[in-house]
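Given chain A's structure and the hints, the job is docking chain B onto it.
Number of protein chains: 2
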Amino acid sequence: MKWLTGTTTEVLAALNDTVQLAQEDNQQVEEQVRQIIQQVIKDGDQALKTYSKKFDHVELQDLSISKEAIDLGFQRVEKEVITALEAAKENIISYHKKQKQYDFMDMEKSGVLRGQLVLPLARVGVYVPGGTAAYPSSVLMNVLPAKIAGVQEVIMVTPPSAEGISDVILAAAKIAGVDQIFQIGGAQGIAALAYGTESVPKVDKIVGPGNIYVATAKKQVFGMVGIDMIAGPSEIGILADEAANPTYIAADLLSQAEHDTLARVILVTDSVELAKQVEQEIYLQLETLPRKEIAEKAIQNHGMIIIASSLEAMFTIMNEIAPEHLEVQLVDAISYLHEIKNAGSIFLGEYASEPVGDYFSGTNHVLPTSGTAKFYSPLGVYDFVKYSQVTYYTKEALREAKDAIALLARKEGLEAHARAVECRFE
Amino acid sequence: MKWLTGTTTEVLAALNDTVQLAQEDNQQVEEQVRQIIQQVIKDGDQALKTYSKKFDHVELQDLSISKEAIDLGFQRVEKEVITALEAAKENIISYHKKQKQYDFMDMEKSGVLRGQLVLPLARVGVYVPGGTAAYPSSVLMNVLPAKIAGVQEVIMVTPPSAEGISDVILAAAKIAGVDQIFQIGGAQGIAALAYGTESVPKVDKIVGPGNIYVATAKKQVFGMVGIDMIAGPSEIGILADEAANPTYIAADLLSQAEHDTLARVILVTDSVELAKQVEQEIYLQLETLPRKEIAEKAIQNHGMIIIASSLEAMFTIMNEIAPEHLEVQLVDAISYLHEIKNAGSIFLGEYASEPVGDYFSGTNHVLPTSGTAKFYSPLGVYDFVKYSQVTYYTKEALREAKDAIALLARKEGLEAHARAVECRFE
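Chains A and B, in that order, are what the protein sequence lines are.
In case it helps, the numbering used here puts the first sequence at residues 1260 to 1685.
In case it helps, the numbering used here puts the second sequence at residues 1260 to 1685.
If you are wondering where the hints come from, they were derived from the structure by calculation, not from laboratory data.
Mixed in with the good hints, there may be bad ones.
Pairs involving identical chains hold if they fit within one copy or between any two copies, as the list cannot separate such chains.
[As the list claims (entries may be wrong)] Derived lysine to any residue pairs resembling SDA-like cross-links, with alpha carbons at most 25 Å apart: (1) Lys1600 - Gln1411; (2) Lys1406 - Val1377; (3) Lys1308 - Glu1659; (4) Lys1357 - Val1377; (5) Lys1670 - Gln1334.
Here the structure is a predicted model, which means the values were calculated and not measured.
Just chain A, same shape as in the assembly (with noise of 0.2 Å):
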């Protein structure tokens, strides 16, 4: 792991110089995304077909999964892990019910009415990676939150194989309340939600992470439909102090090494001594882990342990990184809320580790990467709806208003403004 020391501006911009290098366009990948995408317009579901069969070598008689194909697959899963999927179901729902928002009007002044109506999207579609990324839990956490902000329609996309999808990942689908699957992966599964074909239906909104094709054909249908954040590699953060457990900070932070080789794990501490303890036991545990390999080189690559000189610089650095989660494992955790600026998901006390939130807790495990928690939010109800503003006047009202009205609309040269307050009057 890389130690950085020094004074809180020091250790910022050495961290400014690791982070910089994510942010690099890839032209080859946007040329070809752009060519998949206009195809799939042109072609609509043959287009779909042709690149099953080049990228995932599948011969599709069918795009969508039917109902019973769905059922089998929830059927043949062991029954207790249905029990905890929904389990963790229920805890995502009275989560996220609280995000609920509702509608307000004022009559604030005489003869006039102002509100606000939170109106849920129509249609939203969900893509799902495939492979060994197949993660029925990431299904729960896109599908139930449009579901609790009204959506009607949620449409799956996941790629298909020769061997079929997986079985655990239609039965989180049955559970979430999916309302249609489709075996479409890649940018082509992201053109036919953005601009619909013959079978699918065209979405008012992409969610979900995916490989860079699928990143790179969300940033490009972005403004057409709506989409949700772009998806970094995991990232985790831990403050903590002398008194804190080596082991489960070690435990934790390998928790988020083993998802890729580009995780970011660091440990922000002002004890030394933690700081080596933490270290020995991470390659400790390394040992045993099967995704040894993976872990070993996010830990080695993008480790990092951070000492800093007081609690205020160590939240100082903290909040400049804005980790995607936040683990909290200081004495009388709780009490240092107030300090926290930027992270997605925070994890307070020893007990709170991060896999709690990726599988059970209810809070959502769609977060911030790359320092983006400085200005998005995990994923939630809030967003599976939109806002319509709504104004009445009466004549009165607008009678004491079309001066001021009147006068800014020329001050601005839009004089068929000015006039369309003032006929109203003539």
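Chain B only, in chain A's frame:
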């Protein structure tokens, strides 16, 4: 104006054909913008000055505008204009305050605490166009919601000009509480905000309208910083019945048409008689408009009258159009609010003329265009905050959850996730 009649299906199909063209890439502009951004990253302030000379024909000593210059600009503006802007500000604040959201924390389960923090973005950039499109009202609309959200620093950029920045723009910036103004336009202005330079601080999010270079630059820096929606040409849709006043409707349609030759103005009605009167009125009123040439082009190329067969068909069609501004000029307009699914800002009744929202009522005038009201919202306080999740578990609560967590983690092949939880009980 183009007339459309027929069944709802026929009308929707015809509409679809007219809208498709909007989504074109302009690869030349994209490449140019990419180079400008790279140059600003590399050369900072020097690049900004070079581009000012090249594009705006202004040689700048200082990129920032001094507090004294802002005050002087403010003082030169007519007192009535200041008063009108102050009144608009008051209404904007009283409306947007209602959008404020608050933290929540739940303790539904024993030993478990889950919550959501609402945190303001730290620093926001606002792009304000120069030249003839310099709208002080837009300065208020972009800046005030950020201030209400609790954003500490609002940085404004606007193109330089030989005559200096317009007084009324400076006055609006002062009234809205902008913290710093830089005279930088175009893609280079967006690049400066996204990456920071010696004098321009890097921001977390960029909002505000601009030309194709600005819009393209915003799309390219998206992900590096947050951005608001990409705005297209202005739009108005009006629903009217035979009782509606054709003079008012024509005036309101023209108030959008005068913005831009690309502005889209659409009347949907079940009364052919009314439609004919509106069309006559439009050409009558056009004659004396200072921006006749612009408005006339918009009406000819993007003006549409749709005759629907029923009230239900009127709403179906308008929801598919999803207009930026929607006027409901129906008898008892408010009773139809529930039928509206997609619209940025809704104006009810014959006295809620759309310019009321542009200048005075306090609802925002930065709105989703080109049908994106299906998934985007008006600019609001919610655009300047982000959420953080909070989780706390006691040891006992974790003990109860641990088997489900470990089971799901292992099902996904993520052993280190399972162990992170289990090691707390060894």
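For each hint, the structure was consulted:
| no. | hint | verdict |
| --- | --- | --- |
| 1 | Lys1600 - Gln1411 | between (35 Å within a copy, 13 Å between copies) |
| 2 | Lys1406 - Val1377 | both (14 Å within a copy, 23 Å between copies) |
| 3 | Lys1308 - Glu1659 | neither (62 Å within a copy, 46 Å between copies) |
| 4 | Lys1357 - Val1377 | both (15 Å within a copy, 13 Å between copies) |
| 5 | Lys1670 - Gln1334 | between (69 Å within a copy, 16 Å between copies) |
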